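Chain residues, written in single-letter form:
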Amino acid sequence: MKLVNEELLKEFSQEQIVKLDAIIEKYRGKPGGLIPVLEEAQMVLEYLPIGIQKRIAEGLNLPLSRVYGVVTFYSFFTMTPKGRHTVRVCLGTACYVRGGKAIAAALEKVFGVKEGETTPDRRFTYESVRCLGACGLGPVVVVDEDVHGRVKPGKVKELLNQYE
Amino acid sequence: MKVFRSHLLLCGGTGCHASGSLAVKKALVAELMKRNLAEEIKVVETGCNGFCAQGPIMVVYPEGIIYMMIKAEDVPELVEEHLVKGRVLERLLYREPTTEAVIPTMQEIPFFALQELRVLRNRGLIDPERIEEYIARDGYAGMAKALTEMTSAEIVQVMLDSGLRGRGGAGFPTGLKWKFCSTSPGDIKYVLCNADEGDPGAFMDRSVLEADPHAVLEGMVIAAKAIGAHHGYIYCRAEYPLAIHRLNVAINQATDMGLLGQDILGTGFDFNLEIYQGAGAFVCGEETALMTSIEGKRGMPRPRPPFPAIAGLWQRPSVLNNVETLANVAQIILKGAAWHASVGSEKSKGTKVFALTGDVNNVGLVEVPMGTPLGTIVFDIGGGIPKNKKYKAAQLGGPSGGCIPIQHLNAPVDYEKVAELGAIMGSGGLIVMNEDNCAVDMARFFMDFCQDESCGKCTPCREGTKRMLEILTNITRGKGKEGDIELLEEMAGIIKDASLCGLGQTAPNPVLSTIRYFRQEYEDHIRNKHCGAAVCSALFKSPCQNTCPIGMDIPAYISLIRAERLEDAYKVLLKTNPFPSVCGRVCDHKCQSKCRRGKMDEPIAIKFLKRFITDNAPRPKVSPVPATRKEKIAVVGAGPAGLTAARDLALRGYSVTVFEELPDPGGMLRWAIPSYRLPRNILNGEIDDIRQLGVEIRCNVRVGKDLPFDRLGKDFDYVYLATGAHKSTKMDVPGEDLQGVWGGVEFLRAFNLDENAWMKGGKTLGSKVAVIGGGNSAIDAARCAKRMGADVTILYRRERKEMPAAGEEVTAALDEGIKIEFLAAPLRIEGKDGKVSGITCERMKLGDFDRSGRKRPVAIKDSQFTLSVDAVVAAIGQVPDMTFVPKDSGVVINKWACYDLAKDSKSRTTNPKFYAGGDAVTGPDTVIGAIAAGHQAAADIDADIRSALGEPAWEAPVEEKIDIPLIIDEETQEAPQTAMPELHGAQRNASFVEVELGFTRELAIAEACRCLRCDAEI
Amino acid sequence: MAKLKIEDLKKIKERVHAETALRDGERRAKITVHMGTCGIASGARDVMDALMKVIEEAGVIDVAITTSGCMGLCSREPLVTVELIGQEPIKYEYMDANKMRQVFKKHVLEGEIQTPFVLARGAEIVK
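Protein chains in written order, with my numbering: chain A, 2 to 165; chain B, 65 to 1082; chain C, 718 to 844.
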């Protein structure tokens, strides 16, 4: 196996790269192997930046354009890192009117990120959604799979502190 | 293993031992020996079954009959009856405890009873992770039969004969697909399973894979044998981790047991199976795109031909079937083509699984025979629409499909009928939508989805969906233009014709189908910038205001209540409504049905809050408006429509005279609605204000009798005909001319003309009264009769939820002791000496759906019954009385006995001098509808006068600006609607004192605080 | 595992059938927790956990626990089927950990059906 690319080591650990190479090795020469490689690689690496795509392209002996084309085609793949937790603020009508907007503002302030972005420490990715159908609990914030109802702007920080 | 024909499981637990089970066992063994049954029937002593109080207990299998409290001396009879003669011995049967008797059986629950489980036959019954349990339910028997007893051609023939069609959406005959592939040359072929279920709202395939994965594997092996394939893929979306897990378990177990892999079941047939995880692209549900995706490329479709049967995956002959199709296969092979074809409709055989979602009570997965009526699925199996909302449409086939509206609830759901109605069967997503959904917004939602999922390979789909989405978005934002609908239709046609694959070819379907059924909604958005469903939020401030026919600023006055500025609140009411204290009592409050708070807990009590304002603030003073214009206008009919028009015209400087046939003005408000609902002083106050403006009201003048119709046209420049609908519809049954039979409105009018005489016995209705009908007039008549001391029964031919009367009125009637016979219709009125002596009715049951989406009542044979009554009030409907309009007047009366309006106007009749509105145009409608009609007519008359004279349009005088406070709570507690305090007891039943007492200040403010202020722009 | 032959399928069928239909009496009840995606999303996992715990606490060994897929009535999930030997299966709707504990203690151990939580009795398919 060739030497680990310096660039890649800035973002990923040596161990992750070894795992990646093993995945590539497993599917090398197998027809239709690209998508399973990408799926497994994303499990290990969490996201697939261009450097990783290059390594996969070389490993599978495919043009980089082909790998890039597939990564950008399927919604499952991401080229930017996602946070360890996904925080979704409901901005459906009922939540909006009951302070969803204020929650959103509080979140942006506390973590310094905008909708769709991830905190620099990759702890949270922040998204807004239209209606989660939990209007009776509004305003609603969903962290990963947990639904938190009747959230107050002042309590946002405390709420998120539960997630490391 | 020795086979017995029956097992007797006798409890040998401590409890049963104590109650004598050992003796029973001994007796059993002896009896079986005696009858030479010991070799056929096995006695098993079991552990305690926990039902010790009923012991000794014995269960007889395979029937599963349970006998209780058996004694040794019962044994000979038991053996003789059950085991020799095969009859259940009733006297020892297990008796249902009382609590259980009230629990329905699964088959008594319509959700389950109306389903036909074939594909889902194992759901909830087996552990999907134990292959043995699948085998125990005939699993892999179909595959064994196909591999050992059938040739490839025979398998194909069975599939062809069965009539099975692809359940993925297109409905292509499965047998034909297999036939093409089996005859296609090539030694390497593939069987593929499409488990890339991507339609929003569809989850049939996920459920099959999770509950019964082996059924799919078995179907694939049979398909492989049919086409000669030895390798297969299951393409499953990564979003279904549990399904993938269970598939993996199933594949491993099957491979371990030799049911997959090399030399299956020792037959020499090989078939290897892999799972391929989709990476999230809707287009990969298309067959050629799916194959491209397995090849490791961007999942884009390929042009066909060549078809996959010739050149599919890796350019080899391939068959792709969806999950549900494959799950059908094994049973067809096992039970035969005829078995499969035994259910379903002519061209669509077998069953279909639907994912029933949206606005329906029983969200879930249902399997029904093809051709089951849509209404049966939605209302009987699905349990109808939550919160008694009205069904609007069901979307079939997701973003590739179309909707089926209320008038087609009887449509049998099969491939042909669904296509004829403009939808597609699709994979089986069935999304029910109630009246709160907007057709345009729905089309926009699905187009947004398709546009987003278009792979971009072909231009019509890539660009076309984007352009169509743009137009739809504009319409929902109030930027629609004339011609948009036609442009959408034209583009839809091109995209359907020119797109490469199914995604593009079907993407325009939701738009075309909503235009087909809801074109007037599109027009309403484009022309009036109005969204009737209160969904397209750019078109209105708040849903309540949007829904009110006269657009009352509801959030404003609710907010002013909270700020305790009731005089300002009253002014807000009067801006749009001359009858706020009337509406605060008798309005049908459609506004509340769209209140957003209702989605959280219950809607705001808007009607009661309106009344609170008028009860507690002084009525703002009205000063006369001088007549500044020369035109004279006559209004015929002093009901809410006529009086509203008169008021508006007076405010604009016209001199107005209102002619009323009856002794006092008010129309239905006075002559139909009883005073316990609307006290007369309240009504008089509002009418006095209109007089105060300068409007002259001349009562006791019947046009056509006291004043000739043509004189009106000569004495006045314009005439507004607001003559209402004051004649009861006849029931058309024998005996209707007997003494003691009243029409609903005729009785109420007679009663309200002289309430005192009726209450004091000067006039009498009868002691036992039958009221026919389910509308507000029927309830009003019944409650009046009850107050006179009569024993009252209402007869209605449908069920309570179909009654057009306001729900609270029905409840009040029941509270007051009025009986309601539902599902009963009158046949004839019985008489004696020319007077009513009874009414004979027949029972009804509910049949299929009528065009209004209600089930049609159908008479039950020989179900007649007679009620002994001495009065009958027939309140089944009202029509206008148009006898006063001369034939040569130029005012055309249509077949519903209503005024016909000119094509280009909302109020002008066919004679340009005459305008019309209210019930006399629409048929019986609401107070607020009549007020809206009055506003419309006044605006039209004024605009027509001015435009004829070349004058500029009227400008309303500058009004005092009322500042509306905006208080939004950061936190709102869930709280139900505040209840209206009511009068109770004897005082209520025997008097005409108002029943609803009105909110107190505290109640009103608490209720006002519940408002979410949807109008606020933050 | 040994590879099966055709005749083995029949044997498995008979054996398992005997296991599920002609029970050998060692169990007093079978409890099925319906665990499709919809069931799990509405809390079937909690119900299962509570059940395992309460069984352990009660020291009961003659109750079989199985899982199964979606029953179709997703809006009433989590659903649990309790089948006491010789009695009709009872299906409970809208279950949660507390209700599960109550059903186990009252219905499974004491034979008292918890009517307020019941959806229906009997099987969906009449065999």
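These are calculated hints, taken from the structure and not from any lab test.
Be aware that a few hints might be false.
[As the list claims (entries may be wrong)] Here are a few chain B residues that face chain C, going by a calculated C-beta distance under 10 Å:
1. L73
2. E145
3. H146
4. V148
5. K149
6. R151
7. L189
8. A205
9. G330
10. T331
11. G332
12. F333
13. A405
14. V407
15. E410
16. A419
[Claimed, not checked] To spell it out: a stretch of chain B is covered by chain C in this simulated footprint if at least three of its residues, at any positions, have a beta carbon under 8 Å from a beta carbon of chain C; those stretches are:
17. 270 to 281
18. 588 to 596
19. 735 to 745
Here the structure is a predicted model, which means the values were calculated and not measured.
Here a beta-carbon is modelled for each residue, glycine too, at the ideal position from N, C-alpha and C.
Status of each hint after checking the structure:
1. L73: 6 Å, holds
2. E145: 19 Å, violated
3. H146: Status violated, d = 15 Å.
4. V148: 20 Å, violated
5. K149: Violated: closest Cβ of chain C sits about 22 Å from B/K149, beyond 10 Å.
6. R151: 19 Å, violated
7. L189: 7 Å, holds
8. A205: Given a least distance of 6 Å, the restraint on B/A205 holds.
9. G330: 5 Å, holds
10. T331: OK, holds: B/T331 within 10 Å of chain C, min 8 Å.
11. G332: Where the cut-off is 10 Å and the nearest Cβ of chain C is about 12 Å from B/G332, the hint is violated.
12. F333: 12 Å, violated
13. A405: 20 Å, violated
14. V407: 15 Å, violated
15. E410: 27 Å, violated
16. A419: 9 Å, holds
17. 270 to 281: Satisfied; 5 residues make the cut.
18. 588 to 596: Violated: only 0 residues of the region 588 to 596 of chain B have a Cβ under 8 Å from chain C.
19. 735 to 745: violated (count 0)
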